[in-house]
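I would like the entire structure built from these sequences, with the hints used as guidance.
Line by line, the protein sequences are chains A and B.
Under my numbering, the first sequence has 145 at position 144, and the numbering climbs by one with no breaks.
Under my numbering, the second sequence has 190 at position 145, and the numbering climbs by one with no breaks.
Everything labelled a hint here was simulated from the structure, so no lab data went into it.
From a predicted model like this one, the values you see are computed outputs, not experimental measurements.
Backbone N, C-alpha and C define an ideal beta-carbon position, used for all residues, glycine too.
Worth double-checking, as some hints may not be accurate.
[Unchecked claim] Okay, the calculated beta carbon distance ranges per label pair: (1) 79/A to 95/B: 35 to 41 Å; (2) 59/A to 240/B: 40 to 46 Å; (3) 89/B to 278/A: 35 to 41 Å; (4) 70/A to 128/B: 48 to 54 Å; (5) 267/A to 60/B: 55 to 61 Å; (6) 113/B to 52/A: 53 to 59 Å.
[As the list claims (entries may be wrong)] Chain A is faced by these chain B residues, among others (derived, beta-carbon under 7 Å): (7) 69; (8) 73; (9) 76; (10) 180; (11) 181; (12) 182; (13) 185; (14) 188; (15) 411.
[Unchecked claim] A few chain A residues that don't get close to chain B, going by computed Cβ distances all over 12 Å: (16) 108; (17) 148; (18) 204.
Listed below, chain by chain, are the residues.
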Amino acid sequence: MSPVLMGAVWGLAAALLIALAALIGVWAERKIAGRIQRRYGPQQAGPSGLLQTLADTVKLVLKEDITPAQADVAVFRAMPFLVFVPIASALVVIPYAAGWVPFDIATSALFFLAVPGLSVIGILLAGWSSRNTYASIGGVRAAAQMISYELPRTLSVLALCLLGGSLSTGTIRAEWRLWWVPLTAVGFLVYYISSVAEVNRGPFDLPEAESELVAGYFADYSGIRWAIFMMAEYGGITAASLFGAAMFFGGGLGLPEPFAGVVFVALAVALAASMIWVKWTFPRMRPDQLMSFAWKILTPMALVQLVVVGVVLPWL
Amino acid sequence: MPVDVQSRNMVESDDGTPVEELLVNVGPSHPSTHGVGRVLVHLDGDIVVKADMIVGYLHRGIEKMSENRTYLQVVPLTDRLDYVGSMYANWSYCRAVERLARIPVPERAEYLRVIVCELQRIASHMMGVGAAAADTGAFTMFVYAFDLRERIVELFEELCGARLTYNYVRPGGVSFDAPDGWTESVMSFISKVDGMLAEIDDLFFGNAIARGRMKGVGVLSAEDAVAWGATGPTARGSGVNWDLRKHAPYSVYPRMDFDVVVGDNGDAYDRGRCRLFECHESTRIISQAIAQMPGGAVMADCLPRLLTPPPGETYDQIESARGSLGVYLVSDGSPRPYRMHVRSPAFCNLALLPKLAVGHTLSDLVVVLGSLDPVFGEVDR
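Below, the structure is given as structure tokens:
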């Protein structure tokens, strides 16, 4: 298969996976939030409100696609896709099963960390092209936040690369041992927190802080373009959860195949659910607190993790 | 692309370079303006250099409307002042009318007024704390606080049929006696309040992020609180020990044993926590009032259909959930007030926003606004 065709096929598969994850994720989020807030969440559409997201999707598709009069039209219209595509591309380098990475390249761990980071350009330009004060502030906040949190996130994954002796996610997963879990516990914590910040979710949802910026960088978006921003958010959660489950916990490595898959998915779902839990439990941070948290706490933690792994490594 | 001249505001920086301030129009339609407030914020980077509070979007002319209505017809209008704590404006207005017209109030009615107003204080403070929490992004806390408030609203519905605009306190007493079993429902509710408040205190005020967001934000000194006419939890959060229930007692409050909750630092955190702890004191007052409440009528008898107080003027103030709520009433001997004016604590407290927000970030502005707990029905009147 030619690389272009392969990229197209896996890209489409990733988009479909995100669509599925968003369908279930929005429903799960509303159900979990409901439980946390002593209410039921969606109930009416389908069993336990399962079809609620589908109904909402149909509504969003049918809604008018509004472009503000003052907006930079071409940029404004293109940006949802520039946010979505890099995040979707992260899904093709995740080791879903032992020895199987859809888009197997030698530097897939680097790909996973670097390419989704491009979506920050889309977010920044989405805010800027709206020509709306709230959207602009949201876009700038997102840029500062995502660039700051990329550093501890990258450093925490780097510890795994050191242990696995490779930049390939497939190799790292194949090399994974159970004793990595206690050794990389700090690194996992850093990875988890900075992943929440990377997908702009609470308590790090400042770029879209509804009590301050109304809706932040996508304040002026509506209909299907807004839905694509939401899908990108759930895609980010999906990618971060799957990657965390596969790399930090080995994704059920060593178990016979149906069980390994079940453990892998269960770990990923648990990670995603805990992100929803965190969002509905914590207040939102302030921009300066967010920055000092990234630079003064998370980055040193990730560096300590790296040093610990570096010290242990020669004795392996 | 035409440049929006309105949003350009050139100023000179310290070294003389012209820089542009960002004008952000927060409101009148914005999730954190607690109704229809509007703040025009001048930002230097993310720092507020100037905040103009623009009020008047909810002005309905209630004071002027009162001049064309009979004394009894004004009571429903007072409901619409502070729609989160309607009982207070009812009561303050009725006290002014009763003093002008020299109407005696039965003791049972006074006790019922104290009970509903203390319940109202819990409900209103839950709205204040919940909205302040939602301003920091803790929406779950808002729902928890509203859960508590909802139970009080249900008690009020049982008592007078309304959930928001009660029209319950009337000149000469209250409109309805407590239905059978109502005081028992109140007592069983009171027994649960402390636990629910402790949960909110633990989950929200004990949270590290919430503390970081509110501590040291919008600090108001005790001197400034007095000088700017701040009252209620806004002033008490700064350590000003001033509560009309204690220091200018009215109704049956002298018979109640309770403490005035006072904060230390005068920041958003202390103001919020003052509100929370005041709810504990309210539960103490309610249980004492229910224990002491005598039987008898709840409305003065031989009250004329049309009140015509003798010419004169009066001012009466009570401690509402937001501070000193005063009603100034002038009678010219006709069946309609010659002038009715409301001294609104929310309005006076809100005047502090431009002072407190300067130097903080845009994110802190909504926290400061939330900590002042404004209700725009009362601000604009």
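**Prompt:** How about residue 185/B: closest beta carbon in chain A under 7 Å, or not?
**Reply:** Constraint on residue 185/B satisfied, holds at 5 Å.
**Message:** For the restraint on residue 69/B, tell me whether the closest CB of chain A is nearer than 7 Å.
**Reply:** holds, 5 Å
**Whether the CB-CB distance between residue 70/A and residue 128/B falls inside 48 to 54 Å** = About 36 Å separates the Cβ atoms of residue 70/A and residue 128/B, which means 48 to 54 Å is violated.
**Request:** Measuring Cβ to Cβ, find out whether residue 108/A lies farther than 12 Å from everything in chain B.
**Result:** Given that every Cβ of chain B is farther than 12 Å from that of residue 108/A, nearest at about 36 Å, it holds.
**Request:** Let me know if the C-beta of residue 181/B comes in closer than 7 Å to any C-beta of chain A, holds or violated.
**Result:** Hint holds; residue 181/B Cβ to chain A Cβ min 4 Å, cut 7 Å.
**Asked** Should the hint that residue 59/A and residue 240/B are 40 to 46 Å apart at their CB atoms be regarded as holding?
**Response** holds, 44 Å
**Satisfaction of the residue 182/B interface hint, Cβ to chain A closer than 7 Å** = holds, 3 Å
**Item:** Restraint outcome when residue 411/B is required to lie within 7 Å of chain A by C-beta distance
**Value:** Since chain A brings a Cβ to about 5 Å from residue 411/B, closer than 7 Å, the hint holds.
**Interface hint compliance - residue 180/B to chain A, C-beta minimum distance less than 7 Å** = holds, 5 Å
**Prompt:** Against chain B, does residue 204/A keep a CB gap of more than 12 Å to every residue?
**Reply:** Contrary to the label, residue 204/A does not stay out of reach of chain B, its closest Cβ about 6 Å off (not over 12 Å).
**Asked** Does the Cβ-Cβ separation between residue 113/B and residue 52/A fall within 53 to 59 Å?
**Response** Given about 55 Å between the Cβ atoms, the range holds.
**Request:** Using the beta carbons of residue 89/B and residue 278/A, state whether their distance is inside 35 to 41 Å or not.
**Result:** Holds, at about 38 Å.
The structure does not agree with the numbered hints 4, 8 and 18 stated previously, though it agrees with the rest.
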